[in-house]
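Student: Start from the sequences, fold in the hints, and give me the full structure.
Just so you know, the protein sequences line up as chains A and B, in that order. Counting from 0, one number per residue, gives the positions in the first sequence under numbering that gives the first Met the number 0. Counting from 0, one number per residue, gives the positions in the second sequence under numbering that gives the first Met the number 0.
None of these hints come from the bench; they were simulated from the model. Hints should not be assumed to be uniformly reliable.
Derived DMTMM-like pairs: lysine to aspartate or glutamate, alpha-carbon spacing no greater than 20 Å straight-line [stated by the list, open to error]:
| # | chain 1 | residue 1 | chain 2 | residue 2 |
| --- | --- | --- | --- | --- |
| 1 | B | K70 | B | E186 |
| 2 | B | K141 | A | E18 |
| 3 | B | K70 | B | E95 |
| 4 | B | K70 | B | D192 |
| 5 | B | K141 | A | D5 |
| 6 | B | K141 | B | D167 |
| 7 | B | K70 | B | D50 |
| 8 | B | K70 | B | D23 |
| 9 | B | K141 | A | D129 |
| 10 | B | K141 | A | E61 |
| 11 | B | K70 | B | D88 |
| 12 | B | K70 | B | E196 |
| 13 | B | K141 | A | E21 |
| 14 | B | K141 | B | D50 |
Treat the numbers as computed from the prediction; the structure is a model and nothing was measured.
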Amino acid sequence: MNGIHDLGGMHGFGPVAVERDEPVFHGRWEGRVLGMVYQMVGFGWLNIDAFRHGIERTPPVEYLRLGYYGRWLASLERVLVERGVLAPRQVDARCDGTIIPAPPLPALPDTMAGPFERTLERTPRFQVGDPVRVQVASPAGHTRLPRYVAGRRGIVTRLHAAYVYPDTNAHDRGEDPQHLYNVRFDATELWGDAGEAGAHLHLDLFEPYLESA
Amino acid sequence: MSDHDHHHHDDDHDHDDHDHEHDDDLVARRNALRAEALESILVERGLVQADLIDTIVARFEQDIGPLNGTKLVARAWIDPAFRARFVADAWAAAEELGLATGPGHTPIVVLENGPAVHNVVVCTLCSCYPSALLGLPPTWYKSPPYRSRVVREPRVVLHEMGVDLASDVDVRVWDSSAEVRYMVLPERPAGTDGWSEVQLASLITRDALIGVARPAVPNA
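Tutor: The following block contains the structure:
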């Protein structure tokens with residue numbers, strides 16, 4: 000989806016603010032959120048792709064305002080409500096000291112917590128050194144194709160293993176494993192004259208994102 | 000709630016920084032409240048174990064962190080055969096040094112920096128990072144400024160963060176867009192001949208493992 004999460008290349012965010020001697024967590028709640036997400040994903044209540052898609056659907060202003068673990072929390076709540084694990088507004092009620100009864104637990108979805116590497120019988124369509132072009136598409140759902148490489152030409156530099164395809168797995172439409180490639184792009188192919196000389200971008204792209212160039 | 004209670008909720012809304020801080024405060028309080036509420040619900044339903052959260056938090060606060068990366072890089076600097084094994088299979092090398100944390104890890108690709116090549120890692124879509132080996136990423140790595148800019152103007156961002164590269168250096172930005180993770184094997188700085196592995200490890204920072212810093216001898 001063309002969401003606020005797809006930040007590559009955007010202007011206007013200002014300098015990178017580095018915090019010296021940063022703690023691992025800035026408040027106790029951040030660690031609690033991380034521990035909840037690891038367990039809910041680990042036990043199979045949501046897969047990592049569905050969790051990422053939940054983050055991406057955070058409305059843009061809220062996405063920027065909530066901060067990193069705030070987005071995690073918002074996604075966890077959103078996806079668990081969608082899956083019937085939580086009742087809508089159940090967390091609000093708990094915060095207010097009122098009670099909304101919990102729904103009966105749904106069956107545990109048949110979901111893998113990882114690893115995501117898979118064996119694929121069909122041979123890869125591309126080899127190292129092949130010129131490729133990234134497809135132009137604006138799917139409304141989850142994808143790992145950043146907008147800034149859409150339609151751009153690059154060269155395959157690595158053939159990774161085959162992996163679970165996030166574009167289907169996020170929506171519980173199956174793992175549909177795909178070959179994964181690392182593709183190298185010239186900065187000027189991506190940014191035109193604004194591209195820095197001698198700079199290259201490397202992205203890991205699934206086979207359905209690519210066509211021969 | 001923590002150290003922010005001294006902020007007065009007054010009417011001083013004419014200063015941007017103040018408002019920003021004020022807003023961050025409110026957001027953190029709201030997040031903390033909702034996290035507590037959600038945890039209590041999930042624990043009641045038996046879906047989450049509170050003590051397992053404690054264990055996960057303690058692992059990231061105490062056991063898994065950039066120290067693992069500094070040990071791997073220091074060994075790679077003094078032992079070419081180990082370096083080759085590390086570059087070929089980061090997890091096997093981590094296991095060799097007793098740093099691996101269990102089976103079934105996301106693969107990690109090791110990117111070697113050298114005189115003609117400088118690698119730097121980002122995740123523009125979220126914040127993918129080799130966390131199982133190097134711990135959780137710093138806040139700046141997860142922030143919109145870094146994620147938006149380093150792919151478009153890596154030399155400028157690196158300069159701002161303290162790394163100046165000659166114009167003929169190939170800058171390679173690795174956007175971790177799938178389930179493969181990347182870490183940088185930085186160059187060993189000059190003036191460290193004869194240094195011990197422990198001394199060398201002390202020069203290596205988390206930021207050098209991401210590619211936004213270069214190890215250097217202090218005052219050299």
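Student: A separate judgement is required for each hint: does it hold in the structure or not?
Tutor: Each hint tested on the structure:
no.: 1; hint: K70/B x E186/B; verdict: holds, 14 Å
no.: 2; hint: K141/B x E18/A; verdict: holds, 12 Å
no.: 3; hint: K70/B x E95/B; verdict: holds, 11 Å
no.: 4; hint: K70/B x D192/B; verdict: holds, 17 Å
no.: 5; hint: K141/B x D5/A; verdict: holds, 12 Å
no.: 6; hint: K141/B x D167/B; verdict: violated, 29 Å
no.: 7; hint: K70/B x D50/B; verdict: violated, 30 Å
no.: 8; hint: K70/B x D23/B; verdict: violated, 36 Å
no.: 9; hint: K141/B x D129/A; verdict: violated, 32 Å
no.: 10; hint: K141/B x E61/A; verdict: holds, 16 Å
no.: 11; hint: K70/B x D88/B; verdict: holds, 15 Å
no.: 12; hint: K70/B x E196/B; verdict: holds, 8 Å
no.: 13; hint: K141/B x E21/A; verdict: holds, 13 Å
no.: 14; hint: K141/B x D50/B; verdict: violated, 27 Å
The structure shown violates the earlier hints numbered 6, 7, 8, 9 and 14.
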